[in-house]
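Number of protein chains: 2
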Amino acid sequence: MRKEYLYTPGPVAVPPEVLLKLAEPMYHHRSKRFQTVFSEVNEKLKQVFRTKNDIITFTASGTGAMEAAVVNFLSPGDKVITINGGKFGERWVGLAKAYGLAQHEVKITWGTAPDPEEIGKLLAADSSIKAVYTQLVETSTGTLYDVQALGAVVAKTPAIFVVDAISGMGADDLPVDAWQVDVCVVGSQKALMIPPGLSFMSVSEKAWAMAEKATLPKYYFDARKARKLLAKNDTPYTPAHTLIGALNVSLDMILKEGIEAVVARHARLAAAVRAGVAALNLPLYSKRPANALTAVETPGMDAEVIKKELDKDGILVAGGQDEAKGKIIRIAMMGYANEADVMIALAGLEQVLQRVGYAFTPGAGVAAAQASLLKG
Amino acid sequence: MRKEYLYTPGPVAVPPEVLLKLAEPMYHHRSKRFQTVFSEVNEKLKQVFRTKNDIITFTASGTGAMEAAVVNFLSPGDKVITINGGKFGERWVGLAKAYGLAQHEVKITWGTAPDPEEIGKLLAADSSIKAVYTQLVETSTGTLYDVQALGAVVAKTPAIFVVDAISGMGADDLPVDAWQVDVCVVGSQKALMIPPGLSFMSVSEKAWAMAEKATLPKYYFDARKARKLLAKNDTPYTPAHTLIGALNVSLDMILKEGIEAVVARHARLAAAVRAGVAALNLPLYSKRPANALTAVETPGMDAEVIKKELDKDGILVAGGQDEAKGKIIRIAMMGYANEADVMIALAGLEQVLQRVGYAFTPGAGVAAAQASLLKG
Chain A
1444 MRKEYLYTPG PVAVPPEVLL KLAEPMYHHR SKRFQTVFSE VNEKLKQVFR
1494 TKNDIITFTA SGTGAMEAAV VNFLSPGDKV ITINGGKFGE RWVGLAKAYG
1544 LAQHEVKITW GTAPDPEEIG KLLAADSSIK AVYTQLVETS TGTLYDVQAL
1594 GAVVAKTPAI FVVDAISGMG ADDLPVDAWQ VDVCVVGSQK ALMIPPGLSF
1644 MSVSEKAWAM AEKATLPKYY FDARKARKLL AKNDTPYTPA HTLIGALNVS
1694 LDMILKEGIE AVVARHARLA AAVRAGVAAL NLPLYSKRPA NALTAVETPG
1744 MDAEVIKKEL DKDGILVAGG QDEAKGKIIR IAMMGYANEA DVMIALAGLE
1794 QVLQRVGYAF TPGAGVAAAQ ASLLKG
Chain B
1444 MRKEYLYTPG PVAVPPEVLL KLAEPMYHHR SKRFQTVFSE VNEKLKQVFR
1494 TKNDIITFTA SGTGAMEAAV VNFLSPGDKV ITINGGKFGE RWVGLAKAYG
1544 LAQHEVKITW GTAPDPEEIG KLLAADSSIK AVYTQLVETS TGTLYDVQAL
1594 GAVVAKTPAI FVVDAISGMG ADDLPVDAWQ VDVCVVGSQK ALMIPPGLSF
1644 MSVSEKAWAM AEKATLPKYY FDARKARKLL AKNDTPYTPA HTLIGALNVS
1694 LDMILKEGIE AVVARHARLA AAVRAGVAAL NLPLYSKRPA NALTAVETPG
1744 MDAEVIKKEL DKDGILVAGG QDEAKGKIIR IAMMGYANEA DVMIALAGLE
1794 QVLQRVGYAF TPGAGVAAAQ ASLLKG
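Protein chains in written order, with the numbering used here: chain A, 1444 to 1819; chain B, 1444 to 1819.
Errors might be hidden in some of the hints.
Note that the list lumps identical chains together, so a pair holds whenever it fits in one copy or between two copies.
To be verified - Below 30 angstroms or equal to it, Euclidean Cα-Cα: the simulated BS3-like pairs (lysine-lysine) are:
no., residue 1, residue 2
1, K1768, K1668
2, K1522, K1573
3, K1475, K1730
4, K1770, K1675
5, K1540, K1573
6, K1540, K1751
7, K1675, K1446
8, K1668, K1446
No wet-lab data here; the hints were simulated from the structure.
Only chain A is shown next, with the shape it has when bound in the complex:
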C-alpha cells in the first residue's frame, strides 16, 4: 500500500477543504460574486503580509511576479544590486540581464546569507542604484536572509528593496511594512497552501512613485493597470479565479491560527527537523537555516539515492540543484504541516538510512525531534 506525504519545498500539501473548493462548479469572474471573493482575499493577504500596501495578484507562477518586480519599477540601463546565493538569486540575475539593467551582482557562497553591511557600503558608494533584489529564503540552499537588517540599510537610500518571499511568506517571519520591504513577491503553492498558478506582489508608495517613471516594456505584468482595477476588486485579464476562491479558504485557516502563530509553528517544526538530523549526524547545508525548509547533507551517500528511496516509501522530499545536487535533500515542513509530519519524515529517513547501510543509533532521529517538540 502506498500512502504519500508531500514534504517538497513547494508545491506543498493542500488542506482537503481547500481542495474541495476547487471542485465547485464554475462561475463567471466578471460578477459580484468574484468581486466579493477578491475583496476578501485582498484584505486577508494584507494581514498575512502585515502590510498596508496594495497587493497585486498575478495569474502566473512566482517567477511571473518576480518579472513584475523588475519591469514595473525600472528603465533600461538602471543600476541595481542583485544578491545571488542560489538558484533563486540567479533568477534575479537572469531577469536583470534579460531586461538590460546595469547589474552589480553580489555573489555569495551557497548556504550563506548576504552581509547587510556590505550591501550598505555598495549603496553608499553609488546613490544612483535604483533597487536591491534579494530573497527571504533561498530555497535551493534552505537559507534565511536577514531581511530586517537589509531593509534598514536600503530604506536610507533612494533605492527600493525587493524581496522574493515566494517560499518564505508564512513560514519565516516577514512583517513587510515593519521591515521596510518595498516590493514583496509571494507564490501560492507554498505556505499559502493552495496549488501553483497565482503569485502576489505588494508595492509600497516609494515603489509606486518609481513605477510612474519606469519605461521597461510590459503588458501582462503591468502593475499600474492592475492597481486601477484592484480598487474595483477587478483584474485586467481573466484571473485564475477558482484558485483565488481556494485561497480565500486557506487564508481563513491561516488567519484563524494567526500569522505569528503560523510562523511560530513553522519555527517549532523546523527546529525539530534540525534536532532530528543532528542526532543522525547529518549536517545542515545552510549556515543560516530557514523555517520553510531544511537542507540536509548526506555525507558519504548520494543524496539523489536517499531521495529516491524515500520516494519508494511515499515520502516526497526534494534533492539539491546544480552544485548541491547529490549532496543534499531538502525537507519542507511548510504550510499544512504539523508535529506528526516531522515524525513521519524522520522515521522515514531512518528507514532509508538503515537500508543504504548508514551507521546511526536506531530511533535517535525521531527521539531528538520529539524531545525538541516537547520542549515546545
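Position chain B relative to chain A; hints supplied.
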C-alpha cells in the same frame, strides 16, 4: 431555489469529472508522475490544434500567451499588421504599442470580419512586415474571421501569421497546420473546459526561425527556453500542474468525441441559438457569427437589464463591452454544452423578454431552436 447555468463566453462550465480531478491531493511537479501527465497533454493538445508544431504551455491567462506571441518573434521597431475588430483586436494593438513595434492597425467595424484581400495588398506593398496578428473569434462581437483565407495570404510572404484562438479553438474550425497558422494562442477556460490559469501557444518552424533573431526582452514568457524543457516534458518554472492534470481529463473527453465532431456540435448548437433569437426578432450583432458565442442585439431594450434579469433566473450570459455595451447580450454554447443548454437559454430569454414587456409569440424562440436541432 437557484439553479445556475453558465453561458458566458469563458469561463465556461467545467465537467464534474474534471472538477473532481482538481480536488485530488497535491503532488510534486518535478516528478515522473507530472512528466507523464504533461507528455500526454502535449500529445493530445496537438490533436486538438491539428498541428505537428510544438505547443508551449504557459501558467497565465490567454493574454499572457498573446504577449508571448509578440515578445518571442520580434525586435523593437519591427513592422506588424494588427487587425482590430473589437476588444481582443485592441489587445494586439496594445501589445504592439507596449513593445514598440511599428504597427499598421487595420481597424474594422465591430461585428465585421477583416478582408483577406486587403491584408494581402498591405503585405504585397511592404515586404518588411514581420507578422500579422488577428483573432479566430473576436469574442467582444461574436465574429468569426476567415483564418483559412488570411493564412493563405500571409503564407506567401516572409511574415508569420499569429492567431488568437483563445475563444475559438474547439468551438470553431481551426486546423492549425492546414490553415497555415504559424503561432496559435489558446486559453484553458473556453472550449477546453477547464478553469482559467493556463494558456497555450503553438509555434511553426517559420516562427521558430524568427524567434532565433528576436531581441524583444522576455523572461517568464521565453518560448525558446520552454521549448528546450518541453523535450523532457518539463517546464522552466513551477507550472499550474493541477490544471494540467485537469486538462488531461477534458482533452480525453474532447478526443473521444473527436475534434471534428466537437466543432460540429458547436456549429449545431450555435445555429439553433441563432434560429431561436431570429424567431424572437432579435437581430445578430455580427455579420459573420461564430460558433463559440452568439452576440444578440436587444432593440429598444437595455441589454444590461436583460442580462441582469437572466441572472436572477440563474442564467448567466455576458453583456456587451465598450461601444456594444447595453446593445447586446452574448450567449456562449461553448465546451460542456449540449442541446438541452440551448433550450434552457432560449426558454430563459423568453421568460425575461415577457417580463420586460417585449412583444413576441410565446414559445417561438424555443420552437425555432428545437426545429433547427431536429434538422440535425
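Tell me, please, which holds for K1540 and K1573 at an alpha-carbon limit of 30 angstroms: within, between, both or neither?
-> The answer is both: 15 angstroms in one copy and 26 angstroms across copies each meet 30 angstroms.
Identical-chain pair category, K1768 with K1668, by Cα at 30 angstroms = Result: close only across copies, 21 angstroms inter versus 41 angstroms intra.
Check K1770 against K1675 for me: Cα-Cα at most 30 angstroms, and say if that holds within a copy, between copies, both or neither.
-> between (50 angstroms within a copy, 24 angstroms between copies)
Is the C-alpha distance from K1668 to K1446 at most 30 angstroms within one copy, between copies, in both cases, or in neither?
-> neither (46 angstroms within a copy, 35 angstroms between copies)
Intra- versus inter-subunit Cα pairing at 30 angstroms for K1522 with K1573 | Answer is within; shortest intra-copy Cα gap is 6 angstroms, inter-copy 33 angstroms.
If the cutoff is 30 angstroms on CA atoms, where do K1675 and K1446 land: within, between, both or neither? Let me know, please.
-> between (45 angstroms within a copy, 27 angstroms between copies)
Classify it for me, K1540 with K1751: is the Cα-Cα distance of at most 30 angstroms met within a copy, between copies, both or neither?
-> Classified as neither: same-chain Cα gap 36 angstroms, cross-chain 50 angstroms, threshold 30 angstroms.
Up to 30 angstroms CA-CA - K1730 versus K1475, copy category | Classified as neither; 49 angstroms inside a copy, 32 angstroms across copies.
Violated hints, listed in ascending order, are 3, 6, 8; each of the other numbered hints is respected by the structure.
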